[in-house]
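*Asks:* Next come the chains, spelled out residue by residue.
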Amino acid sequence: MSPPKQTYRHIEVRSLDGDALERLSNDMKLSLSREDMIEVQKYFNEANREPTDVELEVIAQTWSEHCKHRIFGALIQHEVDGVKETVDGLFKTHIKEVTEGIWKNKPDFILGAFVDNAGFVRLDDKVAVCLKVETHNHPSAIEPYAGANTGLGGVIRDILGAGKGAKPVASLDVFCFGSLNTKSEDIKADDVLHPLGIMRGVVRGVRDYGNRMGIPTVSGAIQFDPAYIYNPLVFCGTAGTIPIGDIEKEVLPGHKIVAVGGRTGKDGLHGATFSSASLTTDSHEEDQQAVQIGNPIEEKKACDFVLEARDRGLIGFITDCGAGGFSSAAGEMLSVTGGELYLENAPLKEPGLVSWEIFLSESQERMVLAVDEKHLPKLKELADTYETEAVVLGHADGSGILKVWHEGELVVELDCSKLHEAPRQTRHSKWTTPSFRDDVSLEGSTADLFKKVLGDFAVVSREPIIREYDHEVQGNTFLKPLGGATGDAPQDGSVIHIDGSKPMMSMALSLLPEWGKTAPYEMGLACVDECVRQLVICGADPKRLALLDNFCMGNPDDETELGCLVETTKGMAEAATFYQAPFVSGKDSFYNFFETEDGPISVPVTLVISGLGIIDDRKQVVGSSLRHDGSALFVIGKMDTELGGSVAARVSGITDARVPKCDLEANLARYENLYNALQQGLVAAAHDVSEGGLITAIAEMAFSMKVGLEIDTFFSKEQLFAETPGCIVVEVESTEVDDFKALFGEDAQQIGKTTSAHKKLVIADQIEEDLTSLKERWQHGLTPYY
Amino acid sequence: MATRPNALLLKFPGTNADEETARALREVGFETRTVPITRVTVEDFADTQLGVLSGGFSYGDYVMAARFAQLEIERRLGDTLTTFRDKGGHLLGICNGFQTLMRLGILPPGSLVDNVSERFVCKWVPLEKKVSDSPFLHTLPEGFELPIAHGEGRLVTKDPADAETYMKDGLAALTYGEDVNGSYQQIASLQDTQRRVLGLMPHPERFIYREQHYDRDWQQAEHGWGYYLFQSIYQTVTA
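Which chain is which? The protein sequence lines are X and R, in order. Residues 1 to 786 in our numbering are what the first sequence lists, from first letter to last. Residues 1001 to 1239 in our numbering are what the second sequence lists, from first letter to last.
Please keep in mind that the hints were generated in silico from the structure rather than gathered at the bench. These numbers come from a predicted model, not from an experiment. Ideal Cβ positions, reconstructed from N, Cα and C, are used throughout, including at glycine. Take these hints with a grain of salt, some might be off.
As the list claims (entries may be wrong) - Quick list of simulated restraints, FRET-style, between CB atoms:
| # | chain 1 | residue 1 | chain 2 | residue 2 | range |
| --- | --- | --- | --- | --- | --- |
| 1 | X | E350 | R | E1074 | 24 to 34 Å |
| 2 | X | D656 | R | Q1220 | 51 to 61 Å |
| 3 | R | E1128 | X | E250 | 52 to 62 Å |
| 4 | X | L196 | R | D1079 | 45 to 55 Å |
| 5 | R | G1029 | X | S417 | 55 to 65 Å |
| 6 | X | D770 | R | Q1235 | 40 to 50 Å |
| 7 | X | E665 | R | G1182 | 48 to 58 Å |
| 8 | R | G1029 | X | K378 | 27 to 37 Å |
To be verified - Sample of chain R residues with no beta-carbon within 12 Å of chain X, all distances over it, derived:
| # | residue |
| --- | --- |
| 9 | D1018 |
| 10 | G1078 |
| 11 | G1110 |
| 12 | T1139 |
| 13 | T1165 |
| 14 | G1182 |
Start from the sequences and build out the full structure, keeping to the hints where you can.
*Replies:* Dropping the structure here:
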């Protein structure tokens, strides 16, 4: 018999100087800094031995930006317009403390935040809902289909691993691409895929995972900007439900650690560390193996297994295998108790994997459970029922030490408490408010400009994409992404019925990257504001909302880019505190920049605020499409004239306009009033003023094609196209007008009425157009590209 | 009170519409039991009045839609489904379940292949009832509406004339009111010659309650149209 192949090796670090440590990090693709490597060296000096390659890989992924969010934890010396301030951790100051403050006021509503895979809020006495959003940017840039496919697959597993296993009930996706009509010669790097190819691959990736899993993809957004050509952004989110009693989970000494689902292979090596560095042309050649391959049916089987095991009380603790694979899943589970794992127990896709490959592989569709030994026979039987695999990897033992064995050799022995302590970074950031022009106005006729805006990629219907997603599976999509009398008009969010509960859940999201280019603080404010507004328009109680923050940015080593991020988080925190809407989860992605022939290009700081809200009564869900003849049309909120961040400004080439004001106090009072009006049945339809401004909002409401519209109030062109946060267009039936006016007072302005006399959009002295031709322009804007 | 009739739902890896289908069946009065294919036995059909194959992507549908589901049913159950039907049992196949029944040869010969658009499509479509003798459809009006969600829903027959024959012989139970996928004769649903098996691409289980409609003001009936399909078969098996 030949001796067993060496599956690991020791690596000399104790004798190395700083330069050599840094070289070692680069050679092994560890993405660890010099300071990190010195810490690693200290640990092994104290342990009085050299590390194994497995241990170095484990530490690298544990400390990676992707897993540890070190930039959000860093001490930042920030300077804004010459005034210095210290940010003692962006996460702590502008996210965690915000939520903790709100939590004190809503202890019965918020049931979990930040510690688990997803945050939980109460739906009713028995059920909680949760939401998680992740990014999968780098993989989607290299392999759009597989990248987006596994992006959605990964976030679904986050939900399956939340609490003792939440049931995924709806998904959302947000994409940021280069413009679809980008000329190939304008792409200044080799091997970068054209935005069209990225979009088609990404959409199909999401489609094929979501549809096969049977989870409706119900909400989404797409942004287009040339800066996303090199680094497209792909956010995937999933919402889940769980019995409140199944939220708490615990690993106990003696628990068996069980791997469930797909097998482990060489796909997805170094995913976490790969995601924590910038892309280059070489990435397109070298990093293929960092992109995983998705198999939604494998995950569907695991999902069926987990939900039944949970209901039968067989699960003590569960988490998903995401970045870092077993090492982070099992590492998390054993971080307090400690325990032993045996890598030879893991079922492999192919023979011949060495220790670190098994332990770090990010092969998809795997969950890790901690279970009482007596439940093992039932779990095995259940695995057979659902045609999935469940194998014991090891056990928790109460030692506080993580030991990993492979073929009888001890390949990892790490003190869990030290394993999770990465050195804190100190960073510098700076933001200087640019100068704005005060006399910005729009050129040309309203009709011409409106047609341009309505046909712009930012505004056109997402219908070709929405139709490829099964957004109705599970039979609970109560407010659909497209609705109204013809089933193809846009809505402000979606509403999901939860089986067995009377209250429903609304989902919405906002991103305004154009704002951040000149006004990041205001972008933070406005994103929170828009998400809150949409949730309330969909019928949710403004006192029962939960938010998620997802950030993507370019180079955090650039002081101005980081400064933009800092300002964004400050604005976001301010609005969330004011609205008492807690952040229950979030994620960040850095190094979304690319070295092109013309130098580095970063994505704009991109904040996606997504959220969910609780709706007590389905009668409060009215949708955004006009419904009746002879209704009064109101605008609630004051239309600003500032054009910054607007589609009209962009199509007019205006870059130095101020963004409109976001008046939190007035907006919150308005949202509370709107909620009252919805409860009292005073509202027939309501639509948020967002991309394209007031005129676009009005037209979109009329795209249900039930009635024409006559607006007799005078609006300046700037008021029609400004994207003022907080404004809402409301249809009120004639019988309810007095009550509606009484409720809103001066905040509501009656601007016109609906009519069955024609199917036109008429705005006095500005525009008179057939709705059919306007809708045609809006509805088919993406069709030639998708 | 009479006992509730039993519906047996088979579940494959990738079946994903079984829960809402069971909900719809319970809503009209059935008892339901969902059994994974690994656990189902011939005996399960003994006390069953309605066998149901729900929507989804059985085994991923990577080869041809429902091909593996067909093979697994044949391997594990032999001709149980046919025998069940011949003895008076009823079978319903929705979407992937329709595809499965077609592959099993329980419905008139033909195939459900890629939509002409070569795309998955999720939308609501008008439907026309073409038969008056279906035990699944008698409480439905001549024209109604249901959502579809499929990538392989184009019904084709070896000879296009066969599809015409299905129309004449009362085997084509429902047609689309518009051309949604390129189906011959715009056929959306087939029934067997014994009138005890129905397969359809649209999803009745997604329109049980009125408020599941996309139009907030929809009020053409007391329930969603899908309710009446399940109600029809309930009435049939309890008559």
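*Asks:* Okay, which hints does this one fail, numbers in order?
*Replies:* 9
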